[in-house]
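Protein chains: 2
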Amino acid sequence: MQSRIQKILDAARGRISADAVFRNSRIFNPFTCTWEEGSLAVKDGLVLGIGDYAGKKEYDLAGLYIVPGLIDAHAHIESSLLAPREYARLAATHGTTTVVADPHEIANVAGAEGLKFMLAESAGADIDILYMLPSCVPATPLDVGGAVLEAADLAPFTGCKGVIGLGEMMNVPGVLAGDPAIQEKLALFTLRDGHAPLLSGKDLNAYILAGFQSDHECTTRAEACEKLKKGMYIFIREGSIEQNIEELISIVTPATVSRCCFATDDCHADLLVGEGHIDRCIRKAVACGITPELAIRMATLSAAERFGLPDRGALVPGRRADFCVIDSPYRFVVHQVFRSGIPLVQGEFLEPAAPPSSFRCRMPSAEEIAIKGSGSARVIGLVPHQIITESLTRAVVGKDVPDLSRDILKVVVCNRYGNDAVGVGLVHGFGFEHGAVASSISHDAHNLVAVGTGDAAILSAIGEVIRSGGAMAAVIDQEKAVLPLSCAGLMSSLPFPLVAGQQEKLAEMTGRMGGIADPFMYLSFLSLTVIPVLRITDRGVFDTELFRDVPLFVKEE
Amino acid sequence: MQSRIQKILDAARGRISADAVFRNSRIFNPFTCTWEEGSLAVKDGLVLGIGDYAGKKEYDLAGLYIVPGLIDAHAHIESSLLAPREYARLAATHGTTTVVADPHEIANVAGAEGLKFMLAESAGADIDILYMLPSCVPATPLDVGGAVLEAADLAPFTGCKGVIGLGEMMNVPGVLAGDPAIQEKLALFTLRDGHAPLLSGKDLNAYILAGFQSDHECTTRAEACEKLKKGMYIFIREGSIEQNIEELISIVTPATVSRCCFATDDCHADLLVGEGHIDRCIRKAVACGITPELAIRMATLSAAERFGLPDRGALVPGRRADFCVIDSPYRFVVHQVFRSGIPLVQGEFLEPAAPPSSFRCRMPSAEEIAIKGSGSARVIGLVPHQIITESLTRAVVGKDVPDLSRDILKVVVCNRYGNDAVGVGLVHGFGFEHGAVASSISHDAHNLVAVGTGDAAILSAIGEVIRSGGAMAAVIDQEKAVLPLSCAGLMSSLPFPLVAGQQEKLAEMTGRMGGIADPFMYLSFLSLTVIPVLRITDRGVFDTELFRDVPLFVKEE
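Listed in order, the protein sequences are those of chains Z and H. Note that the numbering used here has the first sequence beginning at 1205, numbered continuously upward. Note that the numbering used here has the second sequence beginning at 1205, numbered continuously upward.
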């Protein structure tokens, strides 16, 4: 009996039929950044080659274009609000076949159990989900959530299928100081993603020397150029919040394209449904002036090379026959997706397994969220389109806040890890005229956070989140919209169309509240103690410049 | 006490002094193919970065150019006639700091012991010698020399320092047939170099699908383009014999340069001394029309990426401070070489350790090399500048050959593995008028081979080779020139200037013999039973088209 390898070699040589042949198309070649006319032959899920092949099954692609499966170099699946399998179902429709993901959020709330959940839920998904393990859990010593992951905790995962490296190292001071705990994590993997926003000059030299090979945090062209020249792979990010293609894409030239990739980082389900995934990045990059060929090279071979994945990124002999059929390089609308040479039939929706139990939040009492006293109070000031905040001071009387006339709303944080702590503060900038919002997504510890125009509305919204075991909730009077996030309080267990639909409903309600667009985004960063200036935790107000908890009132009267 | 990593990070941050700073130079950046002005700082042998650094030692480079250490993607050290350490001493002077070598020749004569010899002799050399293990020992079942290396014989070397992959797979028919013995060798390594001269179309698809990632055998632009497009790294070769840069260099563009490297393959000591190593390839490539920046990218980062060597190929933070100082990108004359940031002081000459004993050749008698009988005889016909031969037929009388009037010389092959076999044949094309040549370099089995104008001269030349335990010898009457090759009959144990000098002496003598230039090259291929048409082995005449031994006389009278 012929061995499998003999058969596939015979098929490549044209001595026996291929499983499938794709005729009448132009096939992207990332090695030369050109298009080849010809018939693509596939057997056993692998590309045999382009040539005059005969297949048991033949497809006429009517002059359309074939592109290797798209690769996302860095994403947090949790940010999509979808569980991994559902994220994969959605991303696959856009021609993505591989996502390199960092399960940073779930690791912060559920530690190693969270990682196991993600790995288990990724098995057999519609795309390959490869994991870079989270390097910073907690993000800082002040941001302890549900877990601390040291090198010893990560080590058991190093041999796991789908685990390929160490995720974005955000602890820049620790790296520069030669922190031994970071050194231990570095020693576990040879692939290591960096995260060094605005770092430059000698400190950037030291960071790179420590062993980090990529960066997806560049926001200016100069920053990206410096990092590229210093040997970092540049992942140009285009997510729901951070959108860097327009500023950065001009760094990509034929000479540099092999070192540049795309990353979606944080993309919500609604954006993925409405605008796409890496296909959207390609369209945006082309709209911003690079050739489709360079953009597609970034999204295919460059990412495969960066992550040492010789089995994908190009449709050449021996590589996986994962590809998408697009209408034209310039429009880049994905018509059909093939995985292992077989038309992708979207997998059935499967409810995720029960996730690690990590949402243990108690309902606060009205008393607990009341503000007593009066005087000159610290107020967190939102900065539109930014995650930094300002430290404002306003004269307030506790019983009179929220004070809609001055846009001083109340913000409440409830500990979700069972210690019952409740922190209360004030925030300016939401501009709500009605209702309240609450969410169990609150970087990086992901305690429950709520902002509202009145205590009753706040408690109502908090109640909805707790009832769902984690959720995003909006409340106006008796009207409620809730997107349950029953997977660790971060991800929904619903199918993506329902999630995107519920996001729309939430947006519609927050729109009616008046005020700032996308309030859940600002809400999710209010507790981020690593970004200046004023923050709120389950302990109360936190000043990042003083790097300590501070009282609500600067001076009580 | 500060850890080493803390100190080097502090140095990168400019908080403590670097070991050395190189000022006033332009430094090549292979990521962008541009030159950067600035001071290069080094500590503990690693690049800290380019910037305003202070060093314990400071070098003023007076406006010269710094280039990362050059990398040879594929070489047979044995072909240089130098032992590894001596090869390294010589290559280092030309700015080469890494050679990826395939010890194919010594493996054919001495098997695993030969590999051990090469590894031991490479330790502590002036350059890094990394080995791709020979995949085809013997080259074919008909070419058995001193060893057969199966996967089980190679396996013990997989963990050895300096062993990085599987060398050029020449057994194309075996690969295409799915030969299980080849599959076993493939399974040992993820890095696998190919060798597929003129292979194209579907058979090339099958060869690549089998797992071979590179090719250094392209001789036409079309061949190189096809292999490049199909995902092979293209090593553009420029050796003593095969010189492909002029034909192939136009495939190198900014979009393809990351997949193209240089390889010297087979370079004799005299060429290395007189014209250089990879520096010579760069000069030639630039003379043939590509930019110096693309040529240098090929010779540095592209090769480092191909072989998965993230510690070299660029002078960016954390990589090895191996570099050369050149006068200008266009002239590319290497002025000085630094290894680990320290000026390279050429190592002392060290005589190689006693190599594996693999030259057991008996002196043939006059009777044994006599040709008896007469009739229509097969005569090997040389083809100038090619390694193929023609099958000629000439009427000869045994006792009257060699017959200088018709340029029919005698060729003798003596088994070197102790079985005492002697094969005798006739060859046309050397055109000698005097003397004889003999050599223990005779691909791939490396038996002793001699060609001459008379039996006495032939025996004298053979005697010289045997006396030296392997050698290249030229004899004219009583005058003799001998380059002893005491390392397995393939390499000299002498310092490179003596080897190059002795090569010159041999060339001078063969020049005086009249006839074809570089006769030792043709001599070394006369036994190559894999290349058409007529060959000579220790069993006698061999016809590659019939694929069997044939009698000297087609028809004896």
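If you're looking for bench data, these hints aren't it; they were derived computationally from the structure. A few of these clues could be false.
Put simply, identical chains are the same to the list, so a pair is met inside one copy or across any two.
[Unchecked claim] Only pairs whose alpha carbons sit at most 30 Å apart, straight line, appear in this in silico DSBU-like list of lysine-lysine: (1) Lys1433 x Lys1261; (2) Lys1433 x Lys1211; (3) Lys1684 x Lys1261; (4) Lys1759 x Lys1684; (5) Lys1603 x Lys1260; (6) Lys1260 x Lys1433; (7) Lys1365 x Lys1320.
Going down the list of hints, with the structure as the test:
no.	hint	result
1	Lys1433 x Lys1261	between (47 Å within a copy, 25 Å between copies)
2	Lys1433 x Lys1211	between (46 Å within a copy, 24 Å between copies)
3	Lys1684 x Lys1261	neither (52 Å within a copy, 71 Å between copies)
4	Lys1759 x Lys1684	neither (37 Å within a copy, 105 Å between copies)
5	Lys1603 x Lys1260	neither (77 Å within a copy, 66 Å between copies)
6	Lys1260 x Lys1433	between (49 Å within a copy, 26 Å between copies)
7	Lys1365 x Lys1320	within (11 Å within a copy, 36 Å between copies)
Hint violations for this structure: numbers 3, 4 and 5, all remaining hints satisfied.
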